[in-house]
Amino acid sequence: MNWAIEVNNLNVWYGDKHVIKNVSFKVPKNIIFAVMGPSGCGKSTLLRAMNRLLELNPYARVEGQVKINGIDVYSDNVDITWVRRQFGMVFQIPNPFPHLSIYENVALGPKLNGLVKDRSELDELVKQALQQAYLWDEVKNDLKKPASMLSGGQQQRLCIARALALKPKIILMDEPTANLDPVASSKIEELMLELKEEYTIIIVTHNPQQAARISDYVAFLYMGELIEIGETSMVFTRPRNALTEKYVVGRMG
Amino acid sequence: MLGVISSLAIISAIPIFAIIINIYSEGARHLTLNFLIDLPPPPVSGKSGGIGPALVGSLILTLLAVAIGGSIGFFTGLYLSEFSHTRLAHYTQIFLQIMVEFPTIIIGLFAYMVLVAPLKRFNALAGAFALSIVIIPYIALNVREAYRSIPYTLKEAAFSLGVSAPIAYLRILLSTARRGVLTALLIGMAKAAGETAPLLLTILGTTFTYFGGLDQPINAIPLLIYNFALSPYERWHQVAWGAAAVLLTITLMIFIISRLVVREVKV
Numbered sequence: 001m002n003w004a005i006e007v008n009n010l011n012v013w014y015g016d017k018h019v020i021k022n023v024s025f026k027v028p029k030n031i032i033f034a035v036m037g038p039s040g041c042g043k044s045t046l047l048r049a050m051n052r053l054l055e056l057n058p059y060a061r062v063e064g065q066v067k068i069n070g071i072d073v074y075s076d077n078v079d080i081t082w083v084r085r086q087f088g089m090v091f092q093i094p095n096p097f098p099h100l101s102i103y104e105n106v107a108l109g110p111k112l113n114g115l116v117k118d119r120s121e122l123d124e125l126v127k128q129a130l131q132q133a134y135l136w137d138e139v140k141n142d143l144k145k146p147a148s149m150l151s152g153g154q155q156q157r158l159c160i161a162r163a164l165a166l167k168p169k170i171i172l173m174d175e176p177t178a179n180l181d182p183v184a185s186s187k188i189e190e191l192m193l194e195l196k197e198e199y200t201i202i203i204v205t206h207n208p209q210q211a212a213r214i215s216d217y218v219a220f221l222y223m224g225e226l227i228e229i230g231e232t233s234m235v236f237t238r239p240r241n242a243l244t245e246k247y248v249v250g251r252m253g
Numbered sequence: 001m002l003g004v005i006s007s008l009a010i011i012s013a014i015p016i017f018a019i020i021i022n023i024y025s026e027g028a029r030h031l032t033l034n035f036l037i038d039l040p041p042p043p044v045s046g047k048s049g050g051i052g053p054a055l056v057g058s059l060i061l062t063l064l065a066v067a068i069g070g071s072i073g074f075f076t077g078l079y080l081s082e083f084s085h086t087r088l089a090h091y092t093q094i095f096l097q098i099m100v101e102f103p104t105i106i107i108g109l110f111a112y113m114v115l116v117a118p119l120k121r122f123n124a125l126a127g128a129f130a131l132s133i134v135i136i137p138y139i140a141l142n143v144r145e146a147y148r149s150i151p152y153t154l155k156e157a158a159f160s161l162g163v164s165a166p167i168a169y170l171r172i173l174l175s176t177a178r179r180g181v182l183t184a185l186l187i188g189m190a191k192a193a194g195e196t197a198p199l200l201l202t203i204l205g206t207t208f209t210y211f212g213g214l215d216q217p218i219n220a221i222p223l224l225i226y227n228f229a230l231s232p233y234e235r236w237h238q239v240a241w242g243a244a245a246v247l248l249t250i251t252l253m254i255f256i257i258s259r260l261v262v263r264e265v266k267v
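Sequences listed follow chains H and X, in order.
Okay, so the first sequence: first residue is 1 according to this note's numbering, each after it adds one.
Okay, so the second sequence: first residue is 1 according to this note's numbering, each after it adds one.
Hints in this document: simulated from the structure, not taken from any laboratory.
A virtual CB, placed ideally from N, CA and C, is assigned to each residue, including glycine.
There may be inaccurate statements among the hints.
To be verified - Quick list of in silico lysine-lysine cross-link-like pairs, DSSO-like style, CA-CA up to 30 Å:
(1) 120/X with 196/H
(2) 155/X with 167/H
(3) 111/H with 169/H
(4) 155/X with 26/H
(5) 155/X with 29/H
(6) 17/H with 155/X
(7) 67/H with 155/X
(8) 21/H with 155/X
(9) 155/X with 140/H
(10) 29/H with 196/H
(11) 144/H with 155/X
(12) 117/H with 155/X
(13) 155/X with 127/H
(14) 155/X with 111/H
(15) 140/H with 67/H
As the list claims (entries may be wrong) - Partner residues aside, some chain H positions facing chain X, computed with beta carbon under 8 Å:
(16) 51
(17) 56
(18) 58
(19) 62
(20) 78
(21) 84
(22) 85
(23) 89
(24) 91
(25) 99
(26) 101
(27) 109
(28) 166
(29) 170
Model the full structure from these sequences, guided by the hints.
Right under this line is the structure:
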């Protein structure tokens, strides 16, 4: 089978602290893969180890393999900027560039990476990305206005558009709804279901209900260890591990 | 007790008002366009004159110093902010903090040895060089603060776009930190425009020529004030007062601009 991403024996340390412990899993294409677990279990770290964003932290050290299309992102001859472009990333706090306009927020990535030939191609790409993120109709007349004028939910969809504009293969989402109200959250969840037709989505969440609602496959991470992984319906109805069971029925934060 | 503290606070503010009132009451009447562009008057004739060469010199020296010290200081500050965990950053920071306190006459002496003595001539470049060294720590430490103030989540957003570090820092994050960086450059500019000691041993101070090249002597407003105020001629004393008013105005303008820039940040 052709996997979207394969993680083999991944270990991460912050200084002396071992935060991801020998984690391995494979994610099929065009699904939503959720990584759930209590706060501080290493979910966000795991996500950042995949697109090597973790290397912004000088104290982080990674061992193991992360393969996309068979290419290990940690092998010596792989360019880190190429790795990051394979992933679109959406963060816990909506983080559009506040001083840039709505248009520029989406256009920046393609422009800086030379993905487009001219302005009209860029316009088209920005429009497409905003449409895919269900934001176009709300902002099409305000493209020049600063991104900071949007609501929290709109800002998060703008960040999704920014990620999509890079034409990534995989979308990484780090608790994308943790700071949104229920209405805005459900919009993002609907959007994710739409996006998996075209992309593979890996979402990190501390909320097992969310994982149950939207994911096809789910992994349970606890204190840096992968406790259980499988089809979401199986993990939630017949968990094999007692810890997983405790977590999915809500007896563990 | 509170009364004592409040009055001390008021007393500490008195000098600045006293200085402003004093300088403008003596110098304000010289603030005309001709004063800014004309040559200084001969010491004893009846003609009025100006500070043209010194103003031109100050502009050239300040801009050069900001260009040289600004680029070095900017990248140093960026390094200090983004590589703060390295030993090099740790020690650089300590050196910069020492440099802030460094007697600027020593820096002038150093510039004399490096750029004046070998060329056997006082020259503009040596002055700009000395001023650059003076302002580097101010710019570096302020740029460091500007980059440090960028939220981590925006840094992640920038790098997640798959761009190289130079592009992330200079094309994306610089505009987030632009006001802090601009303030840093303005502080450096005010410092460079007002410093006298580094110029004493480097540029000599021409009186009657505007600009003869970077390898030639040049004048600057602070140096003109120093030289003219010490001269025995009443006419030159007046020019010194006028020059002081010009210098004070420039400094206050830079200060006001930098305050406006900072205020905009908080909105």
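Let me make sure I understand: some of the numbered hints might not hold for this structure. Which ones are they, in numerical order? The structure breaks hints 1, 15, 19, 20, 26 and 29; every other hint is satisfied.
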